[in-house]
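Protein chains: 2
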Amino acid sequence: MKILNSFSLKPEQRQTLEAAGHSVIDADKLDDATAQQIDVVYGWNAAATRVNFDRLQFVQAMSAGVDYLPLAELAKHHVLLANTSGIHAEPIAEYVLGVLFTISRGILPAIRADRDMWTLRQERPPMTLLKGKTAVIFGTGHIGSTIATKLQALGLHTIGVSAHGRPAAGFDQVMTDVATHEAAGRADVVINALPLTPDTKHFYDEAFFAAASKQPLFINIGRGPSVDMAALTQALKNKQISAAALDVVDPEPLPQDSPLWGMTNVLLTPHISGTVPQLRDKVFKIFNDNLKTLISSGQLASHQVDLTRGY
Amino acid sequence: MKILNSFSLKPEQRQTLEAAGHSVIDADKLDDATAQQIDVVYGWNAAATRVNFDRLQFVQAMSAGVDYLPLAELAKHHVLLANTSGIHAEPIAEYVLGVLFTISRGILPAIRADRDMWTLRQERPPMTLLKGKTAVIFGTGHIGSTIATKLQALGLHTIGVSAHGRPAAGFDQVMTDVATHEAAGRADVVINALPLTPDTKHFYDEAFFAAASKQPLFINIGRGPSVDMAALTQALKNKQISAAALDVVDPEPLPQDSPLWGMTNVLLTPHISGTVPQLRDKVFKIFNDNLKTLISSGQLASHQVDLTRGY
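Here the protein sequences line up with chains A and B, keeping their order.
Under our numbering, the first sequence has 222 at position 222, and the numbering climbs by one with no breaks.
Count along the second sequence from 1, then add 1000; that gives the number in our numbering.
The hints are simulated quantities; they were obtained by calculation from the structure and are not laboratory data.
Where hints are given, some of them may not hold.
The calculated DSS-like cross-link candidates involving lysine-lysine, where the alpha carbons are at most 27 Å apart (straight line), are [claimed, not checked]:
#	chain 1	residue 1	chain 2	residue 2
1	A	Lys-131	B	Lys-1131
2	A	Lys-131	B	Lys-1285
3	A	Lys-131	B	Lys-1010
4	A	Lys-133	B	Lys-1131
5	A	Lys-282	B	Lys-1282
6	B	Lys-1076	B	Lys-1214
7	A	Lys-214	A	Lys-131
8	A	Lys-201	A	Lys-237
9	B	Lys-1133	A	Lys-214
10	A	Lys-285	B	Lys-1131
11	A	Lys-292	A	Lys-29
12	A	Lys-201	A	Lys-214
13	A	Lys-292	A	Lys-2
14	B	Lys-1133	A	Lys-131
15	A	Lys-133	B	Lys-1285
16	B	Lys-1292	A	Lys-133
17	B	Lys-1010	A	Lys-285
18	A	Lys-2	A	Lys-133
19	B	Lys-1214	A	Lys-282
20	B	Lys-1131	A	Lys-282
21	A	Lys-131	B	Lys-1282
22	B	Lys-1131	A	Lys-10
Chain B is nowhere near these chain A residues, computed Cβ spacing over 10 Å in every case [claimed, not checked]:
#	residue
23	Ala-46
24	Pro-91
25	Gln-173
26	Ser-242
Covered stretches of chain B, going by a simulated chain A footprint (3 or more residues, C-beta under 8 Å) [unchecked claim]:
#	stretch
27	1039–1049
28	1262–1271
Backbone N, C-alpha and C define an ideal beta-carbon position, used for all residues, glycine too.
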């Protein structure tokens, strides 16, 4: 197979592929003739868009969400696509704990105040206990379920919302998205873990925030465009949302003139929540297993994306 | 009883006491004659030091740690002392989750970088997963045990260290403090939840940090003087300690010229971790129950401090 390296192979991973008889072409060395001969793409970047989709058999993405790939085009050419769903769940869930309790326990203003923080002791920023509170998590896949499992273990009540409404680990209750506004009204904490699809663009809109009657914290570790950013900004100003922690925004990077930068009740991070220790090892293992079964049976071993659903 | 209000009684709490036949004197209105007649002190402040300890029967502190009270003097005059052990455990444990994952998941530099944070995405600050790591918690009382229970539920291995070494909830293992340096060597995270006593002053010293061979995170939610601040500063510079989150320091407030202020691997908060929602209600309930049994039987109902041990 001719494999386009559009991610980051370690030297020993490259050797493993070459020892199995494959040839590896680095994305920055892809010429037009070779682009016509690529069978497999590892990762995804601009070079990958130049390959011949009629020839291409398999793309291994290095992320859980695959919204940035040309899904319709891949489907048309019967290209198999795998994601890395699962490996980001633990890192993202631990990130959620960090931002959640940093906000609820008044740690954020202390960090920002730096040397002036001792005056905060008198002002007593609002601090709540999250034990006993209700977290509503939109998306009950690997990531949502892992977050829910941790929050449930910490004594929060966990409600999941998904398109299908099926039970999932870590959730006290799962509702279908028909009940989205009802769920929003029960939330002390709202967490977005939905995939980005045409159905979930601007899922969090003015009507959603109006339904969030308990002034919840809002956390986005999914995708930025699931949120109507103007509506969120207004909801934060109105205190319909008491605070927000956003690892993803729309667009990224967040423009320097965004009003979110100046808000004391907003914690922004630069799309880091899913950073995985030993990421390259974990992605390669999924890829290499898929490559082997592709050759032996024309199928993927795991992590195949349903191109019509987009996840 | 004549009760000195050295904390903060709500109007309805004062009425409850007065309806039971007690008189309440506010600390800022204490004259010398009345100081001689005080039977009970609620809270503790400068005014309380002026009362006649021969007459004084009972002090209800509003904190878990009582190191700031004249314990020897109280013991000599057979004054009963109660703390509020227990009510701070949940808030402190949730605080620990906030600082712990904010450091481990690379959230702290993003908060500090503010508008410049997007450059961090390229630099990739070190981010670890805490699941599967080992947390060593010094102090296995209410606070230590509550922290341990949460960390254990999140998949960390929890080791407790106490003077007695008895098993406690939330700990996979409890060692006696004879094994302090061995425990330090096993820690990915060190958490101080020890009471401050003559035995625990500068418990965390140069030898302790030298024994911490896995470059742990260090979290102090106990008392500042349990830590030799100079040794900690050096250990942070040496990377014997990879990062520290300090809610308590010695002295407080931390001097403006402390080298800790400028360190990127230090998160400081102004002694807020134990901030309890509805604190006044919770302290008053303990106090009022103690006051009733004091009158009926000369004993306290709960939360009595052993004045020889200091906790």
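Hint-by-hint comparison with the structure:
no., hint, result
1, Lys-131(A) <-> Lys-1131(B), "20 Å, holds"
2, Lys-131(A) <-> Lys-1285(B), "21 Å, holds"
3, Lys-131(A) <-> Lys-1010(B), "26 Å, holds"
4, Lys-133(A) <-> Lys-1131(B), "24 Å, holds"
5, Lys-282(A) <-> Lys-1282(B), "49 Å, violated"
6, Lys-1076(B) <-> Lys-1214(B), "45 Å, violated"
7, Lys-214(A) <-> Lys-131(A), "16 Å, holds"
8, Lys-201(A) <-> Lys-237(A), "22 Å, holds"
9, Lys-1133(B) <-> Lys-214(A), "36 Å, violated"
10, Lys-285(A) <-> Lys-1131(B), "21 Å, holds"
11, Lys-292(A) <-> Lys-29(A), "25 Å, holds"
12, Lys-201(A) <-> Lys-214(A), "24 Å, holds"
13, Lys-292(A) <-> Lys-2(A), "14 Å, holds"
14, Lys-1133(B) <-> Lys-131(A), "24 Å, holds"
15, Lys-133(A) <-> Lys-1285(B), "23 Å, holds"
16, Lys-1292(B) <-> Lys-133(A), "34 Å, violated"
17, Lys-1010(B) <-> Lys-285(A), "62 Å, violated"
18, Lys-2(A) <-> Lys-133(A), "53 Å, violated"
19, Lys-1214(B) <-> Lys-282(A), "24 Å, holds"
20, Lys-1131(B) <-> Lys-282(A), "16 Å, holds"
21, Lys-131(A) <-> Lys-1282(B), "17 Å, holds"
22, Lys-1131(B) <-> Lys-10(A), "26 Å, holds"
23, Ala-46, "17 Å, holds"
24, Pro-91, "6 Å, violated"
25, Gln-173, "20 Å, holds"
26, Ser-242, "14 Å, holds"
27, 1039–1049, "violated (count 0)"
28, 1262–1271, "holds (count 5)"
Checked against the numbered hints listed earlier, the structure breaks hints 5, 6, 9, 16, 17, 18, 24 and 27; every other hint is satisfied.
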